[in-house]
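Trainee: Sequence:
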Amino acid sequence: MKRWMRIWALALAIGLMAGLPLVARPVAAHEHVTVGEYEFIVGWSEEPAVAGAKNSLDLGIEHHDPNGTTSWVVGVASNLTATLSIGPASVAKALEPQFGRDGWYTFDVIPTREGIYSVRVMGTLGSTAVDIKVDLDQVIPASDLEFPVTDPTPSDLEGLIAAANASLAIASIIAVTGLAVGGTGIIVAWGLTRKSRKTS
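Using my numbering, read the sequence shown as starting at 2 and increasing by one per residue.
Derived by calculation from the structure, the hints in this document are not laboratory data. Any given hint might turn out to be false.
What the hints assert, rightly or not - Estimated spans, in silico, between C-beta atoms of each pair:
id : residue 1 : residue 2 : range
1  : Thr70     : Arg114    : 34 to 44 Å
2  : Ala93     : Glu147    : 28 to 38 Å
3  : Phe100    : Thr35     : 23 to 33 Å
4  : Val92     : Glu38     : 23 to 33 Å
5  : Thr178    : Gly116    : 38 to 48 Å
6  : Pro149    : Ala54     : 11 to 21 Å
7  : Ser128    : Gly160    : 47 to 57 Å
8  : Glu38     : Asp109    : 22 to 32 Å
9  : Arg102    : Asn68     : 23 to 33 Å
10 : His33     : Val150    : 34 to 44 Å
11 : Ile117    : Thr82     : 18 to 28 Å
What the hints assert, rightly or not - Cut-off 16 Å, straight-line C-alpha distance, at most; resulting in silico cross-link-like pairs (EDC-like, lysine to aspartate or glutamate):
id : residue 1 : residue 2
12 : Lys134    : Glu32
13 : Lys94     : Asp109
14 : Lys55     : Asp138
15 : Lys134    : Glu40
No residue lacks a Cβ here, since even glycine has one placed at the ideal position from N, Cα and C.
Use the sequences and the hints to build the structure in full.
Mentor: Put into structure tokens, the structure is as follows:
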């Protein structure tokens, strides 16, 4: 009887451990920003974020009550706007509630370039105005994880295309120069031939 109880307890413990990833997701690389009584937890859903791979924003909003208790803020997706940017490029994204995670919001995106992306969240929560900008964890090139062969990155392809275009431009200049020189030679030869005929 005791043996069966030990087996049952072990199975229960394994089941609880296996279910933990479904209850809580890692937020080690997330930033925490406080605005009034609200705490914003911001990061990528998939970390590390990889260029060319689908990812999404992971945004949690928690309310800190004056009595010291906290609660997740639900139903405010339409109160806030989010803008994702890298360098001069930016795009506005609509926030949506995450399934099964009260107080967490998201939008899908495929980051096509490695580097640091920023997300700006604006709007209002009750009487609190919100305007925060957070740098997300760096997006790494897919080559950092690819195996056994790494594919060229978009930047690599752009470099190859630029080099090919430069080679074509040089070839065109050489061809035009060759035609010009050849045409000049023909004209000179024709002129010399006429002169030779007149003197003979």
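Trainee: Each of the hints needs a verdict: does it hold here or not?
Mentor: Hints, one by one, checked against the model:
no. : hint                        : verdict
1   : Thr70 x Arg114: 34 to 44 Å  : holds (42 Å)
2   : Ala93 x Glu147: 28 to 38 Å  : holds (32 Å)
3   : Phe100 x Thr35: 23 to 33 Å  : holds (26 Å)
4   : Val92 x Glu38: 23 to 33 Å   : holds (30 Å)
5   : Thr178 x Gly116: 38 to 48 Å : holds (41 Å)
6   : Pro149 x Ala54: 11 to 21 Å  : holds (18 Å)
7   : Ser128 x Gly160: 47 to 57 Å : holds (52 Å)
8   : Glu38 x Asp109: 22 to 32 Å  : holds (29 Å)
9   : Arg102 x Asn68: 23 to 33 Å  : holds (24 Å)
10  : His33 x Val150: 34 to 44 Å  : holds (39 Å)
11  : Ile117 x Thr82: 18 to 28 Å  : holds (21 Å)
12  : Lys134 x Glu32              : holds (10 Å)
13  : Lys94 x Asp109              : holds (9 Å)
14  : Lys55 x Asp138              : holds (15 Å)
15  : Lys134 x Glu40              : holds (13 Å)
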